[in-house]
Each structure stands twice: as C-alpha cells, then as structure tokens.
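Sequential numbering from 6 applies to the sequence shown in my numbering.
In case anyone wonders, no lab produced these hints; they're calculated from the structure.
Pairwise CB distance ranges (calculated): (1) 59 / 169: 41 to 49 Å; (2) 127 / 22: 47 to 55 Å; (3) 202 / 21: 52 to 60 Å; (4) 55 / 173: 37 to 45 Å; (5) 29 / 169: 15 to 23 Å; (6) 188 / 167: 16 to 24 Å; (7) 167 / 58: 33 to 41 Å; (8) 71 / 178: 31 to 39 Å; (9) 73 / 29: 32 to 40 Å; (10) 167 / 56: 37 to 45 Å.
Quick reminder that beta carbons are idealized off the backbone N, C-alpha and C, glycines included.
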Amino acid sequence: MTPSEHERVANQVAASRYRRILRGAVAVLIVVAGICYSSWLLEFVLPLEIDPTNSFLSQLDEPGAPYGWVFTTGDTVSGALLVVAGIGGLLLFARRRYSTVGWVALACFGAATIADAQAPLQPESATDSGLFPQLHQLHALTSSLAVFSIFIAMMAFTVAAFKYRRWPILRHSGLWILIIGSVVTAWMLIADNLSGDYGLGIAQRIQVTAMSLWLVALGVQVAVAERAGRTNDPASNLGHR
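Turn these sequences into a full structure, and let the hints steer you where they fit.
Written as structure tokens, this is what we have:
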C-alpha cells in the first residue's frame, strides 16, 4: 500500500469515527430532550396549588404562575435540543423517505415546543374559548403544531423501523408508546367537545408522558444502533449512510 493510500485510509477511518461521535451526540440530545420535556413532573414536588385532574400543563407556566420559569426553561431546552438533533439527523443519516420525514418532524416539534414555551397560555384563556381555539390563542396554535409534529415523527420512525426491519426498540416499546399516546389523544379530542369533566388533565399528562418516553426510546435506539453499526456495515442500519 502506497503512502497516499495509507493516508486516504487513515482519513476515512478518522471521518468514520467523527461521524460516529456526532451520531452518538444526536442520541444524547434526544434522550436529554425527552427528560427535559417531562419537567412538568416537578408539579408534584414544588409547592403548587393546582389539581392535576382538571388542569392543563400550560397553566404551570402561564404569566404569574409560581415557578413558571422552571417549566418554561424545561420546555425551551427540550425544544432547542430537538431542533439540533433533528437537523443533525438529517445531515448524519441517509435520506430514506420515512426516516427523513421523522427527522424533519422532530425538528419541527422542537421549534413548536420553543414557541409554545415562549408564548404561554394567558390566564383568561385557560377556559374553553369555543371552536378552533388556535384562532384566538397563539399558545393553542403552537401546542397543536407541537402535538401534530411529534405524532408525525413517531409514526414516521415507527413505519421506517418496520419497513427497513431495523431499530427493534421502536418496533416494540416505541410502538406501544405510540398506541397509548394515540388513544389518550383521541380521549382528549373527544372529551374536549363534550360537557362535563372527563379527566382532561390526567389525559394530557399521560399524553405528554408518552411523548417523553418515546423520545427517550428513540435516543436509546439511535445509540444502540450506532454501537451495533461499529461491527456491521453502516449502510445496513436504518437511516445510516
């Protein structure tokens, strides 16, 4: 092997190692984002006078709410990490149809989450504002965009996991999380248009928990797949180049 060939091989090895490090960083960002997105759990620790059964999580960081900055910070950090992770996924993994949709939706979810945190629910709008609250309250719009984006990401990555026969964590645990999240979302959509109290606060908390758990599952799956890819052909992994 000539010196130039040695140099070329060395450069390829270094580039491959650098790409693996970046992919591992994407996995870490997603896991941390999932943890930060569950900052609402602090409502059970902080001295807050709010009933989880009939209150929305948006009320935790509405203007004037005690410790509102804690929940705003958690969501903002989570959103920022996911924007970076989504863009990183697009740049570091192969452009397969469903996985590409998943990365784009993940970045959109991050952006919508940041907007959601920075445009908090107004106290006077915490009650029902009639049909299409998105037309009356910016926070309702950003919340709707966030939920829509994360479910698109969840469905796209799940379809990709089955279609490409990779990422078993998403095919098993991730699928069940998606099903539970979808059922609870249907519960919220139906109950919100009915008179009476149907535990919407509980439903939303289960929904957000499902989102957080799925993000952690995605991050762990990316990390596990990357480790396995060190001994296998990277092109054989879902989304890998």
